[in-house]
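Quick note on numbering: the numbering used here labels position 192 of the sequence shown as 179, and the sequence is numbered without any gaps.
Worth flagging that the hints you see were computed from the coordinates, not collected in a lab. The beta-carbon is built from N, C-alpha and C at its ideal position, and this holds for glycine as well. There could be a bad hint or two in this list.
The calculated label-pair distances, taken between Cβ atoms and stated as ranges, are [unchecked claim]: (1) Lys(-6) to Leu159: 24 to 34 Å; (2) Glu75 to Ser162: 47 to 57 Å; (3) Trp99 to Lys33: 13 to 23 Å; (4) Phe166 to Glu75: 46 to 56 Å; (5) Lys109 to Asn133: 35 to 45 Å; (6) Val(-3) to Gly70: 18 to 28 Å.
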Amino acid sequence: MEFDKEKYKVWKLPHPMLLHWIINPGLAFNELILGQRIPKVTLIDKTSNAPLMERQYVPCPECGALNDGRLWSKDNSFGHWFGYICPECYGRIPCLWNITSLIVLALTFPIWIWLKIFGEAKWLEKEKGRFAKVVSSELPEAKKTNWLKMGITYGILMFCIMVLPKIFQNQLTPSEIAFQAAIWLGAGLVFGLAMKLFLGSRK
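Using the sequences and the hints, build the whole thing.
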């Protein structure tokens, strides 16, 4: 699919933000549990001075539509376990997979394959209904966000998910708990910085 390179900057692998999504193990929770996905290709409008969030477009390889990236924000950020669908033609838009997610999916194949076989068609119909509401509503505008608070919150959440079960099972010493806390705090700060660059930048 060809794009106007004078107007759009193309974000695809190996863009640093996309690499972060693939290699950060904590984001497997977002993909597998929350159903948060990001497309393989995103276009950034270079001719606009709006915040980055308002200049992102997701191209559909099937019909060629350039969909506003905000269609997958706010209340429609989650629930996309089977990927993105184009609101114009309902075709599939390719999305990235986190490496940890792929490992988990490979190990649990006998479980989730039945969800895919019997649930994907129902999910697709639900997605169409969601987009009918999203397209008819006003798209969100970029707002000032406390990225530090977002990063710390993410770090605490991931610490609770990944470490607390081991603590309750007495599998970690106090020094190991402190080390894990530092690791996830650092990961949270990196996540907050990444989101600031990804959503708040005007470049």
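Check: Which earlier hints can't be squared with this structure?
Finding: Numbers 1, 3, in rising order.
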